[in-house]
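Asker: So you can see what is in the structure, the chains are spelled out below.
Number of protein chains: 2
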Amino acid sequence: MATLKDIAKKTGVTATTVSRVINNRGYVSDKTRKKVYAAMKEMNYQPNELARALSKQYTNTIGVIVPHIDHPFFTKLISNLEAAAAARKYKIILCNSNEQPEKEAEYLDICVSNRVAGIVLCSKYVNAEKFGALNIPIVNFEREDDAAAITIQCDNYQGGRIAAEHLIACGCKNLLHFGGVIGKEMPADRRANGFTDVCNTAGIKSRVVQCDELINASMNYHSYIEQGIKENLQVDGIFASSDLIAAEIIQVCTAMDIQIPERLKLVGFDDVLISTITTPTITTIHQPMKEMSEMSIDYIHKSLMGELVPNNIILPVKLMKRNST
Amino acid sequence: MATLKDIAKKTGVTATTVSRVINNRGYVSDKTRKKVYAAMKEMNYQPNELARALSKQYTNTIGVIVPHIDHPFFTKLISNLEAAAAARKYKIILCNSNEQPEKEAEYLDICVSNRVAGIVLCSKYVNAEKFGALNIPIVNFEREDDAAAITIQCDNYQGGRIAAEHLIACGCKNLLHFGGVIGKEMPADRRANGFTDVCNTAGIKSRVVQCDELINASMNYHSYIEQGIKENLQVDGIFASSDLIAAEIIQVCTAMDIQIPERLKLVGFDDVLISTITTPTITTIHQPMKEMSEMSIDYIHKSLMGELVPNNIILPVKLMKRNST
Numbered sequence: 001m002a003t004l005k006d007i008a009k010k011t012g013v014t015a016t017t018v019s020r021v022i023n024n025r026g027y028v029s030d031k032t033r034k035k036v037y038a039a040m041k042e043m044n045y046q047p048n049e050l051a052r053a054l055s056k057q058y059t060n061t062i063g064v065i066v067p068h069i070d071h072p073f074f075t076k077l078i079s080n081l082e083a084a085a086a087a088r089k090y091k092i093i094l095c096n097s098n099e100q101p102e103k104e105a106e107y108l109d110i111c112v113s114n115r116v117a118g119i120v121l122c123s124k125y126v127n128a129e130k131f132g133a134l135n136i137p138i139v140n141f142e143r144e145d146d147a148a149a150i151t152i153q154c155d156n157y158q159g160g161r162i163a164a165e166h167l168i169a170c171g172c173k174n175l176l177h178f179g180g181v182i183g184k185e186m187p188a189d190r191r192a193n194g195f196t197d198v199c200n201t202a203g204i205k206s207r208v209v210q211c212d213e214l215i216n217a218s219m220n221y222h223s224y225i226e227q228g229i230k231e232n233l234q235v236d237g238i239f240a241s242s243d244l245i246a247a248e249i250i251q252v253c254t255a256m257d258i259q260i261p262e263r264l265k266l267v268g269f270d271d272v273l274i275s276t277i278t279t280p281t282i283t284t285i286h287q288p289m290k291e292m293s294e295m296s297i298d299y300i301h302k303s304l305m306g307e308l309v310p311n312n313i314i315l316p317v318k319l320m321k322r323n324s325t
Numbered sequence: 001m002a003t004l005k006d007i008a009k010k011t012g013v014t015a016t017t018v019s020r021v022i023n024n025r026g027y028v029s030d031k032t033r034k035k036v037y038a039a040m041k042e043m044n045y046q047p048n049e050l051a052r053a054l055s056k057q058y059t060n061t062i063g064v065i066v067p068h069i070d071h072p073f074f075t076k077l078i079s080n081l082e083a084a085a086a087a088r089k090y091k092i093i094l095c096n097s098n099e100q101p102e103k104e105a106e107y108l109d110i111c112v113s114n115r116v117a118g119i120v121l122c123s124k125y126v127n128a129e130k131f132g133a134l135n136i137p138i139v140n141f142e143r144e145d146d147a148a149a150i151t152i153q154c155d156n157y158q159g160g161r162i163a164a165e166h167l168i169a170c171g172c173k174n175l176l177h178f179g180g181v182i183g184k185e186m187p188a189d190r191r192a193n194g195f196t197d198v199c200n201t202a203g204i205k206s207r208v209v210q211c212d213e214l215i216n217a218s219m220n221y222h223s224y225i226e227q228g229i230k231e232n233l234q235v236d237g238i239f240a241s242s243d244l245i246a247a248e249i250i251q252v253c254t255a256m257d258i259q260i261p262e263r264l265k266l267v268g269f270d271d272v273l274i275s276t277i278t279t280p281t282i283t284t285i286h287q288p289m290k291e292m293s294e295m296s297i298d299y300i301h302k303s304l305m306g307e308l309v310p311n312n313i314i315l316p317v318k319l320m321k322r323n324s325t
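Residue numbers (this note's numbering), protein chains in the order written: chain A, 1 to 325; chain G, 1 to 325.
Only chain A is shown next, with the shape it has when bound in the complex (with noise of 0.2 Å):
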């Protein structure tokens, strides 16, 4: 691989002239810059980044620890992440901690040896506290506050609202929410809250039914909403707290020959791809995930250049209307 040094010699100037062309820095004669251009283009010399992160102590890298890549809220989530980190040029490290606290610790300790930039925390276990020493920002994403990071969430409560306001709107008078895991606290579990004030306040009859950790860890909820439906058979709306959960609540209502929307009204949460692509479409609550993860790319450069960011940011949602309702 051409070296810097490699250029100096082919073009005859010294290795700091060639250097201040590559920076950017300091006077070059535009003819001694198109040289250097041309000489680079024709050595195909590439810039060692290493030797930047160097001497700077931090690389061009944000690290992004996620508990599934494939839950569709975490891939729609790697994909923003990952458009926002190129428009300020820096690139995704991605770790799936498969919802492991010992792999979620590992790799925090791999994108602190590798010096990144920054970490976008989505996985639960381990406290940012412990990392606050090191001086590298980290954004908490829909994890609970933490003093040693930035915590970017949505509005979980008012989504839980929106829901049960909307299957209100819709002639429901008999709601249930499938939504969080049995003794584990979460700022999703606000969608419940939410739900729930709307329904006690209008004097609606409302459950909320949660899953255990086994169940949220496979992916398939089909024996937790079987049991939710055979214990509320009079249910005619259902909230769910992520579009995947709507979507396998459409495959067992089709098999217990239960109607969606004509019998049963159903909400989701997230805006993920598959609210488009299952049949009926899913209405569904719109999480901003475009601009939570231009915010946290954004922090985590503000951080670095030193300016004040905020602890904490809550960004509202919205009601996306398809067919299941």
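For the record, the hints were derived by calculation from the structure and aren't laboratory data.
Remember, predicted model here, so these are calculated numbers, not experimental data.
Be aware that a few hints might be false.
Since the list gives no way to pick out one identical chain from another, each pair is judged satisfied if it fits inside one copy or across any two copies.
Said to hold, decoys possible - For lysine-lysine, the following BS3-like pairs were computed, each having C-alpha atoms within a straight-line distance of at most 25 Å:
no.	residue 1	residue 2
1	K173	K41
2	K103	K41
3	K230	K41
4	K9	K56
5	K56	K5
Put chain G on the given structure of chain A with help from the hints.
Answerer: Then chain G, alone, in the frame of chain A:
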């Protein structure tokens, strides 16, 4: 951040001794080793992978360039590549080219500048030959052969044959294949060849319809599917070249009041998450993505170690019977 020298100062040994402990090289007494470990823990020492990478001239990262992170096929691939890489202590740098040739070329340059250990290239435009001289192992994933890279594909031709054989065994007499992009040659086109060959031999009527580039990039195939079915109203069996297209075929057929599998049988391709969450679930051709991903990482690793690796690998596919047939 604590450095090797800080640890040496704290423990009263030389930096060389600390380096020996960290790299597990040369003789160090048990007592000293324990003392160094204790100081590393207390001072939260994180090894500097950048410095190590600079000395060996490449990092333990693998660049993965895909055309669409959110296409279900690439989502599953990324997830599998991340797992295979983690098992070999590599990290994934994820790049989304959005099917833009200039972005693909830019990402390749970025990967080279950042001294990746290897590249998995799933995007279609750049010829890997440009990078042959750089001695960075490149794996071509579902792209055409390329002398400068290791090409890994599934047996697309066999997949097309299996799909046609299954539809014929289900009693279909009039088959249609949705697959391929007009004016663009891809390995996936061989699915149509296998499909057509089986139909011709069996004397079964068949037709292949391709979509244009814009539809393919948008991932919304509705108008293309609708037109294909309207021009072939006698069709009783469809083979779609992805599970995503198959999911949208279910939507279009439901709107046209064509029951699946009663009036029309459907086979997809890929075996990704959506084939299990649609209603009905989709019978599909399973691509061995786990094995293909493991081989990609394995061959990059072997290639770096100077071992001989194959140019071209084709892996078998198989039928996954679900409810759409």
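Asker: Now tell me if each hint is right for this structure.
Answerer: To see whether the hints hold, each was checked on the structure:
no.: 1; hint: K173 to K41; in the structure: neither (70 Å within a copy, 59 Å between copies)
no.: 2; hint: K103 to K41; in the structure: between (42 Å within a copy, 18 Å between copies)
no.: 3; hint: K230 to K41; in the structure: neither (69 Å within a copy, 53 Å between copies)
no.: 4; hint: K9 to K56; in the structure: between (27 Å within a copy, 24 Å between copies)
no.: 5; hint: K56 to K5; in the structure: both (21 Å within a copy, 18 Å between copies)
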